[in-house]
Every structure is written in C-alpha cells, then in structure tokens.
Amino acid sequence: MEKDIIERYHRQIILNEFGVAGQKKLLQSSVLMIGAGGLGCPALLYLTAAGLGRIGIVDDGLIELSNLHRQILYGTQDIGKKKVDCAKSVLLQVNPGVEIDLFDERITSVNALDIIADYDIVIDGTDNFETRYMINDACAILEKPLIYGAVSKYEGQVAIFANGINYRDIFPSPPRNGEIMNCSEAGVLNILPGIIGNFQANECIKLVTGIGEPLIGKLLTYNALNNQSYTIEIDSTELSSQLKPKSQEDFRKIDYGYLCSAPIASVEEINSDQLAALYMNDQVDIVDVREISEKPKITKYNHLRIPLSTLKDQVKLIQKDTVVFVCQSGKRSLFAAEQYKEIVEVQQKRVYSLKGGVSSLACPV
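Converting from the sequence shown to the numbering used here requires adding 174 to each position, the first position being numbered 1.
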C-alpha cells in the first residue's frame with residue numbers, strides 16, 4: 175500500500191479489527207447512493223473520506239433554498255445547480271482518490287436494474303415511497319444488499335435488507351395516497367438526516383470490511399429528542415415473496431408511480447381562489463386535517479381542525495353542504511375527502527380538496 179494512502183487512512187488502519195485488510199476492501203468496493211439529499215449528503219461525505227473506491231450518485235434534482243438546512247454538501251451559491259455536479263465537486267476536494275460516477279437522471283423501473291447491477295452495495299437516500307419500493311424490488315431481484323434509511327420529524331430508521339429479507343417484509347404494500355406525511359409536510363429536525371445518513375455509512379463500512387455486527391435483517395429506530403433507540407428483528411414473509419416481482423421482465427413492467435401514488439379520482443380539487451369565493455358566500459366548512467401541532471396555523475379563514483386520524487370520530491362536526499379539506503401540501507386532504515365520502519351520505523354534498531394545501535393560500539394563512 176502506498177505511503178500517502180497509509181497516511182490518509184492511518185487512524186482507521188491502526189484499528190485492530192480494521193487494519194490494512196479493511197482499508198483494501200474499502201478501496202476495492204463500490205457503492206451506489208440513490209438520492210443526494212439529507213441522507214445522501216452525510217453518507218457520501220464520510221464514505222468518500224473513508225476511502226471507498228467507487229461511488230455512484232443518482233439524483234436528477236436541482237438545489238433549492240429549502241434543501242440547505244440539512245443537505246450539507248451544498249451552499250447558498252449552489253442554488254439552481256445540479257445536485258450531482260455540486261456533490262462530486264465537494265467530494266473530490268475531500269478525497270480525489272475516490273472514483274465518482276454521476277447519474278443525472280431519475281431512477282425508474284426502466285433503468286434501475288442496469289444502474290444497480292454495476293455496484294456491490296446500494297444505499298437508499300430517497301424520500302418517497304414510489305422510489306423506495308422500486309429500489310427494494312430491484313435489489314431483491316439482483317440480490318444486492320440494500321441499506322435503508324428514513325427520517326420524519328425527530329425520528330429515523332436504518333436497516334440492511336439482504337439474505338432474502340427486504341423492505342416488503344416490514345411494509346408489504348405502499349400506503350394509500352396521503353396516508354403518511356413526507357418531510358415536506360411533517361418537517362424534520364436538520365441534524366436527524368445527518369445522524370441517520372451516518373448510520374447508513376457506518377453500516378456500509380461494516381458490510382464491506384466485515385467488522386462488527388451489521389443490521390442485516392434488523393430495523394433500528396432512533397429518536398433525536400431523547401436519544402432512545404431500539405432494534406427489532408425482521409423475518410422473511412410469504413406475503414413479501416408474493417408481492418415482489420418474480421423476474422427482471424416483470425419488474426420493468428411495473429408502474430411504481432401508479433402503484434405508490436395513484437390519484438384519487440373520485441375527489442375534486444379546487445384552488446385557493448375558488449376556496450375564497452366559497453368562503454365569501456358562507457357556503458363552506460373548511461376542515462384542516464393536519465395534526466394539532468402542525469404549523470402554520472390558518473388564520474385567514476374560520477375553519478374546523480379535525481386531524482385525519484380522528485376524522486371518523488368527529489365527522490358530525492361537519493355541517494354544511496360544501497366541504498373543503500385542507501392539509502399541508504394537498505395530499506392528505508385528498509385522502510380525507512375520500513374517507514369522508516365513504517363515511518357519510520354525500521349525494522347532497524359537494525366535497526373538495528384544496529390543491530397545494532396551506533402553502534397555496536395567500537399570506538397571511
């Protein structure tokens with residue numbers, strides 16, 4: 175091993191369990207990071223610094239101001255630029271000896287197998303169910319270890335899916351549209367993706383070098399507010415086997431966008447101007463289905479605050495013949511409107527969802 179390599183990685187090479195052999199394994203390995211956001215940035219930074227030989231980055235996004243509080247590879251000067259280009263630039267400054275491949279494209283069932291096949295390990299740094307289920311199924315078909323991570327509010331999860339165990343063994347099917355909030359709706363403490371992303375990088379290093387006990391077939395949950403964590407064992411299930419695609423050909427035929435976020439066709443959406451017109455004529459019950467703690471509060475309109483989780487129990491509070499459901503982004507409100515139509519007799523009612531949610535309302539909300 176060359177002198178400069180030994181000097182760069184000296185602090186981990188001198189670890190008894192790690193040694194020169196562990197460093198050589200890192201230098202000879204390849205990892206695919208799907209998503210260069212809140213989880214991907216810290217994982218990429220530490221894997222690059224650790225000397226992982228080849229890293230692929232898949233992301234078709236541009237840097238936005240709202241990314242910067244948690245996506246630590248980017249700065250204000252990068253707004254509007256491609257994430258993959260900025261990430262590579264920073265990472266090569268950290269360690270020019272690492273080979274970095276860029277995929278400035280959205281990963282889909284058409285290209286996923288071809289991209290993933292060329293790497294030893296896959297890390298999921300995505301934030302939507304469509305991509306999460308698709309990556310899981312692709313890795314299961316190709317028998318590639320998948321390091322999963324997810325964050326919301328103050329809590330995160332990490333797991334390794336390998337040896338016949340996959341994401342569907344915990345969550346067999348995608349949630350219905352609007353059932354579960356993403357980070358743009360629920361929010362996330364900026365340090366949490368850093369913690370979970372570093373957990374993912376740590377599991378990757380353990381997998382490559384053979385040190386420690388990787389979270390294979392285990393799900394670790396961490397709470398940033400109290401520093402409590404717990405780990406559960408994941409068992410392979412027959413249902414998981416039935417749900418995942420049986421072959422590469424079957425996989426390429428699946429429309430994961432439809433599977434995971436199919437629109438609710440029976441619910442009509444209205445915009446903020448239409449809502450204002452209804453409200454002016456005093457014809458509408460506006461129902462905010464966000465949780466009580468969610469902000470910002472709606473002050474522009476008198477409204478009912480009925481969290482989606484309690485809608486069935488409080489449905490009698492909705493009196494008027496026209497009802498508009500509102501949430502943070504317009505996704506949960508679609509689900510709430512559909513649920514409301516199933517609960518009550520709605521032939522004489524007009525039921526809508528506010529498109530774009532609270533963020534579409536003119537300030538002040």
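Any given hint might turn out to be false.
EDC-like, lysine to aspartate or glutamate: derived pairs with alpha carbons at most 20 Å apart [claimed, not checked]:
1. K392 x D495
2. K523 x E443
3. K471 x D447
4. K199 x E181
5. K427 x D288
6. K515 x D495
7. K494 x E468
Simulated from the structure, these hints should not be mistaken for lab results.
Hints, one by one, checked against the model:
1. K392 x D495: 49 Å, violated
2. K523 x E443: 15 Å, holds
3. K471 x D447: Given pair K471, D447 holds - Cα atoms ~19 Å apart, limit 20 Å.
4. K199 x E181: Holds, at about 17 Å.
5. K427 x D288: 15 Å, holds
6. K515 x D495: 12 Å, holds
7. K494 x E468: Not satisfied, since the Cα-Cα distance of roughly 25 Å exceeds 20 Å.
Hints 1, 7, counting from the list given before, are not met by this structure.
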